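Peer 1: Below are the chains, spelled out letter by letter.
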Amino acid sequence: QQQVKQSPQSLIVQKGGISIINCAYENTAFDYFPWYQQFPGKGPALLIAIRPDVSEKKEGRFTISFNKSAKQFSLHIMDSQPGDSATYFCAASMTSGYSTLTFGKGTMLLVSP
Amino acid sequence: NAGVMQNPRHLVRRRGQEARLRCSPMKGHSHVYWYRQLPEEGLKFMVYLQKENIIDESGMPKERFSAEFPKEGPSILRIQQVVRGDSAAYFCASSLIESANTGELFFGEGSRLTVL
Chain S
1 QQQVKQSPQS LIVQKGGISI INCAYENTAF DYFPWYQQFP GKGPALLIAI
51 RPDVSEKKEG RFTISFNKSA KQFSLHIMDS QPGDSATYFC AASMTSGYST
101 LTFGKGTMLL VSP
Chain G
1 NAGVMQNPRH LVRRRGQEAR LRCSPMKGHS HVYWYRQLPE EGLKFMVYLQ
51 KENIIDESGM PKERFSAEFP KEGPSILRIQ QVVRGDSAAY FCASSLIESA
101 NTGELFFGEG SRLTVL
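Chains S and G supply the protein sequences, listed in that same order.
Take the first sequence: its letters are residues 1 to 113, numbered as in the working numbering.
Take the second sequence: its letters are residues 1 to 116, numbered as in the working numbering.
If we strip away everything but chain G, and leave its shape as in the complex, we get (with noise of 0.2 Å):
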């Protein structure tokens, strides 16, 4: 039964370039979450989504950001042109129903971007 799975798990990319993090969740799960991890910055909320909808951005910056869960196939967060502050570890998480509802969070091991 596999978790959450991320990919890449490390990339690179230089200033101006874009970036595409992609998360399968677990199976069953129709739940998807984006954090953001910054050094000494915790876990920083991005956006929600579940199968076609996007249930909370509130997290997400305006520009640049946009992330996707569609009826088939991974989700997707878009970084366009990327800056050197985007150099983060991006987690995405699943859960059965909404966190908050009791539902566990189920964390993919990240994938890190360097923006050189």
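Just chain S, same shape as in the assembly (with noise of 0.2 Å):
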């Protein structure tokens, strides 16, 4: 069972677009739904995180949006830049206790010069 489900699996934006990936989730004990970059060859980095208590979550060009009863949240790019293009994972987990992250299959993002 799929806890995290991520879409669209790639994505093409021109340089200057805005690029949106959108995560679902079914455990609404998940309290921390942080976003992870990957580029090829290494390992995934920690761009953003949000928690429930908030809807959204700015810092520079990346926004996460997070709707609660909806279950879903959602990470913007604005101004998107060949730069960007790496491989994008959403996460969630659980706060307490021993909760480790459960990642989504990840979003191969291409930004077009």
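Hints listed in this document are in silico derivations from the structure and should not be mistaken for laboratory results.
Each hint should be verified, as a subset may be incorrect.
[Said to hold, decoys possible] Simulated restraints on C-beta separations:
no.	chain 1	residue 1	chain 2	residue 2	range
1	G	E40	S	A70	23 to 29 Å
2	G	E52	S	G17	48 to 54 Å
3	S	K42	G	I55	22 to 28 Å
4	G	Q81	S	G83	40 to 46 Å
[Stated by the list, open to error] Covered stretches of chain S, going by a simulated chain G footprint (3 or more residues, C-beta under 8 Å):
no.	region
5	38-44
6	100-113
Keep in mind it's a predicted model, so treat the numbers as computed, not measured.
Ideal Cβ placement from N, Cα and C applies to all residues, glycine included.
Dock chain one against chain two, each of which comes alone in its own frame, and use the hints as you go.
Peer 2: Next up, the structure:
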């Protein structure tokens, strides 16, 4: 059973455009939602994270929007740049007890020049 | 300040051989996690360890796979009698505190296992 569903699988955006990646989760006990960025041949790196007590978090060109009732959250990359081309993973976990991150399957983003 | 170090970066094994993957966490980190990445499958949790203890191994196959994080030295993920389906990238991550508790996971660059 996949607990975090991510879409789209791949995405092509023109330079300067907005990239939008969506995730949905099933477990209502999840209360920590990070996004990781992975470049080819490298390990994933934390990009931005949100908790369900806020509906939006912005860091530079990256914004997470969170909809608790719909159990969905999304990553928006404003003014997308070729250097943003990477694979993006959403994840979720619980902050009580021992809990590990459950990742989505990833979205391969290509920003064309 | 070195990050999470994994070695080997690439490993080729024939079916039936053993694979040993090593992970040295970031300095001061005592929590280690192993994830497996298959093409188009994302990152699958395998095991979570603290020094000398396995905390959660719910994602690890019951047979042929084992993990340890001794008091001294790196964490080791061991795969016995490898099969072609074990071919994947194996990522190690470390954290200061449990990942769920606002702790950020720091990933290594992965070990890519190819089974011939």
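Peer 1: Hints first: check each against the structure and report whether it holds.
Peer 2: Hints, verified against the model:
no.	hint	in the structure
1	G:E40 to S:A70: 23 to 29 Å	holds, 26 Å
2	G:E52 to S:G17: 48 to 54 Å	holds, 50 Å
3	S:K42 to G:I55: 22 to 28 Å	holds, 26 Å
4	G:Q81 to S:G83: 40 to 46 Å	holds, 43 Å
5	38-44	holds (count 4)
6	100-113	holds (count 7)
Going down the numbered hints, you'll see the structure goes against none, and every one checks out.
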